[in-house]
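Novice: Here is how the chains run, residue by residue.
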Amino acid sequence: MTKETSSISNGRAELLPSLKRELGKNGCLTRQIMTTVAGRSGLPLNEIYGVSTFYAYLPVAPVGKQVIKVCRCLPCDMKDAQAVIGGIMKEIGIAPGETTTDGKFSFELVNCIGACDQAPAMMINDKLYGNLTPERIVEILKSY
Amino acid sequence: MAEKRIVLGNCGAIDPNNIETYLGKGGFKGFIKARDRMKPRDIVEEVKKSGLTGRGGAGFQCGLKWELARNAKAKVKYLICNADEGEVGTFKDKYILSHDPFGLIEGICIAGLAIGARQAYIYLRAEYHFLNDPLCRAIAQVKEKGFVKHMDIRVFEGAGAYVCGEESALMDSIEGKRGEARYKPPYPPTLGLWGQPTIINNVETLMNIPHIIANGAAWFSAMGTAKSKGTKVFSVSGDVSKPGVYELEMGSCLSELVVDLAGADDIKAVQVGGSTGSIIPGHMIDIALSHETCLGSGAVVVFNSKRDIIDIVHNNMHFLNDESCGKCTPCREGTEVMMEILGRLRGVEGAEGDIDALEDLAKTMALASLCGLGQAAAVPVLDSLKYFREEYADRIEQSMYLRSYLGGELLKTKEGIK
Chain A
1 MTKETSSISN GRAELLPSLK RELGKNGCLT RQIMTTVAGR SGLPLNEIYG
51 VSTFYAYLPV APVGKQVIKV CRCLPCDMKD AQAVIGGIMK EIGIAPGETT
101 TDGKFSFELV NCIGACDQAP AMMINDKLYG NLTPERIVEI LKSY
Chain B
1001 MAEKRIVLGN CGAIDPNNIE TYLGKGGFKG FIKARDRMKP RDIVEEVKKS
1051 GLTGRGGAGF QCGLKWELAR NAKAKVKYLI CNADEGEVGT FKDKYILSHD
1101 PFGLIEGICI AGLAIGARQA YIYLRAEYHF LNDPLCRAIA QVKEKGFVKH
1151 MDIRVFEGAG AYVCGEESAL MDSIEGKRGE ARYKPPYPPT LGLWGQPTII
1201 NNVETLMNIP HIIANGAAWF SAMGTAKSKG TKVFSVSGDV SKPGVYELEM
1251 GSCLSELVVD LAGADDIKAV QVGGSTGSII PGHMIDIALS HETCLGSGAV
1301 VVFNSKRDII DIVHNNMHFL NDESCGKCTP CREGTEVMME ILGRLRGVEG
1351 AEGDIDALED LAKTMALASL CGLGQAAAVP VLDSLKYFRE EYADRIEQSM
1401 YLRSYLGGEL LKTKEGIK
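Sequences listed follow chains A and B, in order. The first sequence: position 6 = 6 (our numbering), numbered continuously. Add 1000 to the 1-based position in the second sequence for our numbering, that's all there is to it.
Any given hint could be a false lead.
Said to hold, decoys possible - With a Cα cut of at most 27 Å, we get these calculated DSSO-like pairs of lysine-lysine:
1) A:LYS20 - B:LYS1177
2) A:LYS20 - B:LYS1327
3) A:LYS127 - A:LYS25
4) B:LYS1242 - A:LYS127
5) A:LYS104 - A:LYS142
6) B:LYS1177 - A:LYS25
7) B:LYS1177 - B:LYS1145
8) B:LYS1143 - B:LYS1025
9) B:LYS1363 - B:LYS1386
10) B:LYS1075 - B:LYS1039
11) B:LYS1073 - B:LYS1048
12) B:LYS1306 - B:LYS1268
Derived by calculation from the structure, the hints in this document are not laboratory data. Small disclaimer: the values here were computed from a predicted structure and weren't measured.
Extracted from the complex, chain B is given alone in its bound form (with noise of 0.2 Å):
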């Protein structure tokens, strides 16, 4: 199966810095569709009845979402898009952001509609700060063709930290606190940035609602899998010839993505999701990418019979240790401890029970964590235990015979020395 382009359809099509160029393509048909033939209730019911699911990792159901914000009862709500893109391997919004802003200008401008947001705020992460400007020279051109009456659009953005990805960490930051994840509930829908409904909707989600108002729900949920409607966009890196930005239509098979598009000649496994996605082994490469199965952020990273799976999964681990955000003691102290045994088997200084003391620590981790990072922090761990669970068991009787045959050798030292 070839790409589908509908979130990326105009990605290199439009001149990211001409209005014009994206009017020429349709643009905006969809926000004055809803604008002009639609009330706030039907906008909600048309992304509900579309399957339309958040594009960030979660995937909760964005109508559903809306739905809640709309009917909680406050002066004040707020719509968030979170261009906070710091899950590894995932490019996919900065490639969007540079190349079509109007298109999520024009998602924010009808999520505004429908929710009865005054306000929102584009959460922009500091690595990606080049692209500031240009996204405010758009919003500008936006509002000089009179399509942002209703609402404000600011472009907030972050200091660096990964977790600000995570709703309420992002919500903490534009509040100008540490980005921590919030206890849950009450969820953003009812209780949010400041105190009031807020939606936090990542850009890609945003990105698919001009389609789904313009050509109406049954044309998307016609695409994708029974719990994954529409397109999703991939950023595939790691062992393959062609890394990049693709989009396929949901439910797709890996194999197509990373063998037929990439083109990944020797896959040893895959890694998708992230830094706490699931790792495919090769053997499964004709999964189908969905909800249902395996999707997250649409992060891919293919690895080659060369990678050393506990080199990927200690990497992995170094990360969401670096990033947690130390709130919660399960995800703090469990990725440390995880760090710890990962890089004691990455240098060959296993232990017996180290196997043991990963699992029962990610049983913990997956229960007692605040948010998604410590919740998800040992997905990785789990399944490179069960899929290469041989190159741990070799890791540990390897690091017991080099301890003995070290030993050997000091004891010979120090005879010499006497």
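Chain A with its partners taken away, still in its complex shape (with noise of 0.2 Å):
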């Protein structure tokens, strides 16, 4: 960084980058992570809360350690992601907005990937899939 970002670069600055390295190591931005980022960034507490609830990547809740992101967006809705979201259903028992008892997987739905092209696509983790069927669906879920 040059002179003049790192002089004005107060906590706030590092506020996301912070969040996702406590992300990273713990999984979800707890209670009690945000009270120490706050106490770091000299921020108000409510304001972690704020922006951490504001950002879909950054959750407050327990997720499971692979989080399965399937897109609902036009393009893949259209390619039947409906049949994807009943393929994992099936596969690992929950619904979209659920963790597996044993802490493995978190089902979720979400916005535009980018992957349009690739349609109906989903993600774990970071790791991109495309051109899902229910068939696929099983062999990948069966990989983790």
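The two chains are supplied separately, each in an independent frame; assemble them into the complex guided by the hints.
Specialist: Dropping the structure here:
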């Protein structure tokens, strides 16, 4: 970073990167973590909570080790994302918004992930899977 | 007309992990010319003359924006490359970043010289996390070659919010806040990131810069239409046999893109520009693609005759409602009410007055929303009402018949119980 930015960069500037680092260590932003971050950055806890809850990828409740994110936007929906959703529900026994009891998988429906040319598509953590079929879903989930 | 690959010229032709291959294709010629033979003012002038417009969706004159930032009196200025590609149906920037990161970095280096920015950010959407490391490695290679002595380039990753692609929300996000749209004016070139003059350009816009500098404004402005110069990169998906990324000269026909290149053979409608984009009915498929007609981010989704227009519009509205930042009432509440009405219509529970309510609400949202999300949220609703009004009217009529039929059935059941 140049001198100019480091002089401006207060706790606030580093907030998103630091929340992400905490997320990497803990899997979700607990109240305790948010309190620590608040203390470090000099920002009130409610601000940290406000920022965390605004972004889709900053979970404040525990999530599974692997987070399955199926795209529900138009191009994927048109290519039968519903069958993919049904396939996942059947395979791991949970509905969107839920986490398996063993904490292995969380299942979410998300907005456009930019893989419309490979619709229907999903991500498991940071890995992208496109051109999905219910059969492929079984194979992919088994590999985890 | 065939594809015209300028922005995508190096995609597939170079190794995105090796700067030597980019240099071998004439890479950084534009930058060296700008650095050694041009004054910052000349660079801005050249971009202005080229007529280059923003490729993210809004289509503002790039050179004009740069001039405002150039002339703003401030010690610190910022440059932000908007790589928060969240628009539904858009994946062109992902393609560019994966295949030609050096072209983007060269564009950033030139833009930095032109406006006098010493710090640049590439705001990368969280979903493209896998591109973060390759992009950082590409920046390091460019640094090693000594092309970025004048500025620092940093990749800043988002955290999952469509609205952060809106420039003022994007700046708030970098500042560590909730990504909510700001009141405008002031505009970013005068008062942007940390209150300093800031230029925010889309990935594709910046990709055009090295070509404009190397080949000249006249070369660039010879392509395209009166108000839309150069080429445009499109992301095509939906009911086509060859979905993907295509680059065409501005002003090309929509049919060339979706029929000739992407292989659509049954077209009921095409949505151009993403979730807030225009809906073009099949009989208007020869429309030109430009800022004057329809363009947006270049997202093109094709719908065949089996698709239900209300389903399509409802899915869009669900997305927009979900992604509305919630700061201004017309967008937060408007998208909610529209989603409710469209959802009822989808479930054959429409009521008389639904069409009027949608049209009425659309006017308020367009007029009073804070940013593009709310202002344009109703575009697909209005377009579909314009071209497929009978589908809405039929659905409302069906709803009424269905209710009276079910009412009778319910009565029968009740009598049966008696």
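Novice: Look at each hint and say if it fits the structure.
Specialist: Tested hints:
no.: 1; hint: A:LYS20 - B:LYS1177; in the structure: holds, 14 Å
no.: 2; hint: A:LYS20 - B:LYS1327; in the structure: holds, 24 Å
no.: 3; hint: A:LYS127 - A:LYS25; in the structure: holds, 19 Å
no.: 4; hint: B:LYS1242 - A:LYS127; in the structure: holds, 23 Å
no.: 5; hint: A:LYS104 - A:LYS142; in the structure: holds, 12 Å
no.: 6; hint: B:LYS1177 - A:LYS25; in the structure: holds, 22 Å
no.: 7; hint: B:LYS1177 - B:LYS1145; in the structure: violated, 36 Å
no.: 8; hint: B:LYS1143 - B:LYS1025; in the structure: holds, 19 Å
no.: 9; hint: B:LYS1363 - B:LYS1386; in the structure: holds, 14 Å
no.: 10; hint: B:LYS1075 - B:LYS1039; in the structure: holds, 18 Å
no.: 11; hint: B:LYS1073 - B:LYS1048; in the structure: holds, 20 Å
no.: 12; hint: B:LYS1306 - B:LYS1268; in the structure: holds, 8 Å
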